[in-house]
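Asks: Chains as they are written, first to last, in the numbering used here: chain A, -12 to 190; chain B, -12 to 190.
Because the hints were derived from the structure by calculation, they are not lab data. It should be emphasised that the depicted structure is a prediction, and the values quoted were computed from it without experimental measurement. Be careful, since some hints might not be right.
Intra- or inter-copy, both count: the list cannot distinguish identical chains.
What the hints assert, rightly or not - Computed list of lysine-lysine pairs in DSS-like fashion (alpha-carbon distance at most 30 Å, straight line):
no.: 1; residue 1: Lys(-10); residue 2: Lys64
no.: 2; residue 1: Lys(-10); residue 2: Lys128
no.: 3; residue 1: Lys128; residue 2: Lys3
no.: 4; residue 1: Lys(-10); residue 2: Lys40
no.: 5; residue 1: Lys(-10); residue 2: Lys18
no.: 6; residue 1: Lys64; residue 2: Lys128
no.: 7; residue 1: Lys40; residue 2: Lys18
no.: 8; residue 1: Lys18; residue 2: Lys3
no.: 9; residue 1: Lys40; residue 2: Lys3
no.: 10; residue 1: Lys64; residue 2: Lys3
no.: 11; residue 1: Lys64; residue 2: Lys40
no.: 12; residue 1: Lys64; residue 2: Lys18
no.: 13; residue 1: Lys128; residue 2: Lys40
no.: 14; residue 1: Lys18; residue 2: Lys128
Below are the chains, spelled out letter by letter.
Protein chains: 2
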Amino acid sequence: MPKIVDHEERRREIAKVTADLISEMGVDALKLTDIADALGYTTGVVTHYFDSKEQILLAAARRAHQNLLDRVRAVLKNDPADLLGVAIEALPLDQIRLTEWRAWFSFWGEAMSDSTLGIEIRSQFIDWTNTVQGVLEEGIKRGMLRDDLDPSHEADRWLAIIDGIGLQAAMNPEGWPAERQIRPVREYVDELLAKRSSQSKES
Amino acid sequence: MPKIVDHEERRREIAKVTADLISEMGVDALKLTDIADALGYTTGVVTHYFDSKEQILLAAARRAHQNLLDRVRAVLKNDPADLLGVAIEALPLDQIRLTEWRAWFSFWGEAMSDSTLGIEIRSQFIDWTNTVQGVLEEGIKRGMLRDDLDPSHEADRWLAIIDGIGLQAAMNPEGWPAERQIRPVREYVDELLAKRSSQSKES
C-alpha cells in the first residue's frame, strides 16, 4: 500500500523547521537546501509545497504566531482573565519561546522589504492586541480588574511591556533571568487589580 | 591640488546609507553594489573601507545607536532629568526615527547569526539602560521623581515601554499616530513624579 502523504502536515513541518533554522542562522544565510537537509528531503519536496523563500517565511511566521496563540488559548481556557499567565506564554522564558523570539527578529526585518510578510506581521500584532483586550474586558466584567480601565489603551501598555521585555531578554538571555522578565509584568498586573483600587480608596 | 579624502567621513557616509537602505530593502536583498550606487561610488571604494557585508552592518548599527545617543544627550544637556524628552527621541515619531527603527529590525535579526553584531546590539541595550538609569537617578537626586524608586528596575520598565511601543509603531505607522505612542510613556512618567506621590498621600 503506498504511503499516504499528509500535505498539510508537510507544510506545517517545513514552516516549523524554517522558523527554527532562522532562529539559529538568520534569514540572509538561510537556503532552501538547509530546510530540505534538516527534514531529510530533497529541495524538490520543499519547492513542491512552496514557490519561494518568501512563501516559506510567511508560513513560518504564521506557524510561530499560531503556536503562541494556541498556548495562550490553553491558559485562557482555565482562566479567561489570567493576564499574568498570558504574559508568561509570550516571554522568552524557555528554549521554545526564545527560539520563537529569535525568529521574530528576522521576520520583522524581512517584513520591511516583503510587503506580504509586512501585512501578516501587522495583522499578528492587531490579533495579539485584540486577544489581550479581550482578557482585560473579561477581567473587568468579572470584577477582578478595576472598572475604570480603558481596555484598548491598557492592551497597548500591557503589550508594550511584554514586547519590550521580550526583545531585550531574547537578545541577552543570560542578562535576563526569569525574575527580571516577570517582575515588571507582575507589577503592572497588580496595578490593574480591583482589590488594589479599593485598598487605595481605603487608605 | 588633489582632493583630500576624509576617510572617517567616508566610513560614516557608508554606514549611514547602509542603515537607510536596510530600512527600505532589508538585509537579505542588500548588495554591496546597492550601497556603492547610492553614494555614486564603485564597489571598490566600499570594499576599501569595509572587508565584508557583516563589517558594514556592524558600522551601520553603531552609527544608528550613536545618532540616537547624540539626540538624547542634546535633550539631557537642557534638562538632565527629562525622561519624556528622552522617550520622544527614541520613538518612531518622524521619518528619521522610523527609518532607524526599521533598520534595527534587520540588525536584530542578523545578530542571531552574526556574533560580533550580537555583542554590539547587547552592549547597545546595556548602554541605553544605563543612560536611562542615569536620568532616573538625576531625577531622584533633584527631588523631581519619587525617592522610593529603584532606578535599575525602573530603567527596565521604562525601556520596555519605549521598545514595545516603538516596535509596534514602526511596524504599523498608520495605526500608531503620535498620541497613541506618547500616551503610555507620559502616564508612566507621571507615576514616577514626586508630586504625584505626595498627592496620593494627601488623598
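Asks: What label fits Lys18 with Lys3 when the C-alpha limit is 30 Å: within, between, both, or neither?
Replies: both (15 Å within a copy, 28 Å between copies)
Asks: Can you give me the call for Lys64 and Lys128, within, between, both or neither, at a CA distance of at most 30 Å?
Replies: Within. Shortest intra-copy distance 16 Å satisfies the 30 Å Cα cut-off; inter-copy 47 Å does not.
Asks: Measure nothing new, just compare the shortest in-copy and cross-copy C-alpha distances for Lys40 and Lys18 to 30 Å and report within, between, both or neither.
Replies: Both: 8 Å inside a chain and 18 Å across chains, each within 30 Å.
Asks: Can you tell me if Lys18 and Lys128 fall within 30 Å by alpha carbon in one copy, between copies, both or neither?
Replies: neither (50 Å within a copy, 54 Å between copies)
Asks: How would you classify Lys(-10) and Lys64 at a CA-CA limit of 30 Å: within, between, both, or neither?
Replies: neither (37 Å within a copy, 71 Å between copies)
Asks: Within a copy, between copies, both or neither: which one fits Lys64 and Lys18 at a CA-CA cutoff of 30 Å?
Replies: neither (39 Å within a copy, 48 Å between copies)
Asks: Quick one: Lys(-10) to Lys18, C-alpha cut-off 30 Å, is that within a copy, between copies, both, or neither?
Replies: within (28 Å within a copy, 44 Å between copies)
Asks: My question is about Lys128 and Lys3: at a cut-off of 30 Å on alpha-carbon distance, are they close within one copy, between copies, both, or neither?
Replies: neither (37 Å within a copy, 51 Å between copies)
Asks: Under a CA distance limit of 30 Å, which applies to Lys40 and Lys3: within one copy, between copies, both, or neither?
Replies: both (14 Å within a copy, 28 Å between copies)
Asks: With identical chains treated as interchangeable, where does the CA-CA distance between Lys128 and Lys40 reach 30 Å or less: within a copy, between copies, both, or neither?
Replies: neither (45 Å within a copy, 54 Å between copies)
Asks: Taking 30 Å as the upper bound on the Cα-Cα distance, should Lys(-10) and Lys128 be classified as within, between, both, or neither?
Replies: Intra 52 Å, inter 73 Å, cutoff 30 Å: neither.
Asks: I want to check one pair: Lys(-10) and Lys40. Are their C-alpha atoms no more than 30 Å apart within a copy, between two copies, both, or neither?
Replies: within (28 Å within a copy, 46 Å between copies)
The structure shown violates the earlier hints numbered 1, 2, 3, 11, 12, 13 and 14.
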